Structure formats: C-alpha cells, structure tokens
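A.B. asks: Chain order of the listed sequences is A and B.
For what it's worth, the numbering used here labels the leading residue of the first sequence as 323, then goes sequentially.
For what it's worth, the numbering used here labels the leading residue of the second sequence as 5, then goes sequentially.
Please keep in mind that the hints were generated in silico from the structure rather than gathered at the bench.
A couple of the hints might just be wrong.
[Unchecked claim] Within a straight-line C-alpha distance of at most 30 Å, the following computed DSS-like cross-link-like pairs (lysine-lysine) qualify:
# : chain 1 : residue 1 : chain 2 : residue 2
1 : A       : Lys414    : A       : Lys354
2 : A       : Lys354    : B       : Lys35
3 : B       : Lys91     : A       : Lys414
4 : A       : Lys451    : A       : Lys399
5 : A       : Lys439    : B       : Lys128
6 : A       : Lys355    : B       : Lys128
7 : B       : Lys132    : A       : Lys354
Please read these numbers as outputs of a predicted model, since none were measured by experiment.
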Amino acid sequence: MLSRRDLFKVAGVGAATLLVAPGFVGQSFAAKKSLDDALKEKLGITQKDLQASELIKVKAPTIAESGANVPVEVSAKIPAQQVEALYIFIDKNPNPYVAQVDISPANGEVYFATRVKMGKTSPVRAVIKMKDGSYLSAFKEVKVTVGGCG
Amino acid sequence: MLIPVLSLTLSLAFGQALWLSDFDKAVDVAKREGKNLMIYFSSDHCPYCWQMENYVLVDPDVERYISDKFIVVSVDVDDMPESLEEKFNVFGTPYIVFYDPKRGKVISELFGSREADDFIAILKQICKKSNLRRC
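From just these sequences and the hints, can you work out the full model?
C.D. replies: Right under this line is the structure:
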C-alpha cells in the first residue's frame, strides 16, 4: 500500500516535472523556421525548385479578421493520376508547414479544404508534388488584421 | 515557498520572461529587479488574445526583450479583482499596460494585437520613455 510519505514523494516529482516542462515546451515553440527550412525538411527542396502554376487555385480571404481560423481551399486543374501529393505552407508562420494530402486516382480531382492558423500577414502556399518528380506551386496573400475585443 | 522559488529559478535559467498573476507580488519583484511591469489583460474568448499568445508573446525576439526589461503580470479579465479593473480602466482585450512600479505610474497603454516586429518596436519606445537606462 502507498504510504503518506510515498505519496508526497510522487507528488513532488510530478510538480517538479510540471515546472520544468514549460521551459522545454517554450523552447521548442520558439524555434522559428523559414519557408525554405520547411520545404527542405518536408520535401527536400527549396523555393527555387517550385514552378509557379496557373493550374492551381488557392482560395482564401484577402483580409482575415483573425488568424485563429482562416478558411483555405486548394483545387487544381490537373488529373489526379498525375499528382502524388498536395501540401499547404504558410510562408511566415513560425512553422510554415501546415498539411500534406496524398492524392490517388480514387480522389477523382485534386481538391482540399481546411482551416488554418496564421501568425501574421503571409502568403498561403499550395505545393503539388507531381508523379514525374516536379513541384508546382501557387499562393494567395492573406492579410491578418490586428485588433481587439471590446 | 519552494515552488515559487523553483519556478523563478527555472524561468531565469531558461531565459524566459517571468509571468506572474498577482499584481502586488509582481510590483515587489519588479522593484527588486529594477524592471518595469507589463500587465497583460486577456480573455479566453478573444481571438486577438489568442493571436498575441500563440504568435507574438512566444516569438523568441519578443520573449527575450520582455524577459530582459519587464516582469509580466497576466490577468484574465473574466476573473479579475475589481481593484485592478478600476485602477487601469480595462475596456477590452488584449490590453497591455506598462507600469513603473517605483513611481506607481502608468508609462503607456496598448489596446489590440500587434505583429511581433511592431510589438518589439513599441516595447523599445516604451523602454526609452521609462526610467530604464539600457533599452
């Protein structure tokens, strides 16, 4: 049976862990990444490898009232069987990588909609990895307004 | 007693800003450390507070500057002592009051969210307006 003394020891270790943890959490959040860092980490490429494409459409508000919940819709007039995956990046977020969607012919079309969090005004970028190894990209600049609640 | 001391030690060890919730205690700490107070009034239901907390106040440059120059008091306006509400006339969130604890005077106030770069520029201006020597 757990004695009163043992209980306090366990509680003490738990409290110490909780106090130490915020320091580590803070540090991991504090590591900012550039778009190139994120592209390299996720796809092994840089912005130079991205080919601008008018076949991709990124739909998002030009002005977002708050960055907490920004709707983003990506579609592409490219046959799904030619596409391997679709990625979304927010260029100026502390961690630009947002999502990866694997595309198969069963999808029928290249389409994905979601809601993203944005730290500040930034391009919202869609990157499509083609089966031939090339990368197509398009973006929409979304302004995140500053403001307050009254 | 042990937990606040340990918390303070860890905050300093990690180079993080010291965040407190008790205004009077924060005034004492700020006086002792020769820093000004940054009183951050926020609300759980305000998306602009969310923006500040998740992207601006945790920005490494902002955090470093705040940690160096200010003691932060975080106040939830939905659970705030009346004395603070009256003293600082809190009318919305995020609302940030910069306070000189030695003179007992407000240095500056800021309403609404800002982007990290703009916020650092504001902090530098406030530092220059205050009685601190190095900004």
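A.B. asks: Each hint needs a verdict: does it hold in this structure or not?
C.D. replies: Hints, verified against the model:
1. Lys414/A x Lys354/A: 9 Å, holds
2. Lys354/A x Lys35/B: Answer violated: Lys354/A to Lys35/B is near 33 Å, above 30 Å.
3. Lys91/B x Lys414/A: Violated: Lys91/B and Lys414/A sit about 38 Å apart, past 30 Å.
4. Lys451/A x Lys399/A: Holds, because 14 Å separates the two Cα atoms, which is no more than 30 Å.
5. Lys439/A x Lys128/B: It holds: about 28 Å lies between the C-alpha atoms, which stays within 30 Å.
6. Lys355/A x Lys128/B: 25 Å, holds
7. Lys132/B x Lys354/A: 28 Å, holds
The structure fails hints 2 and 3 (numbered hints given earlier, in ascending order).
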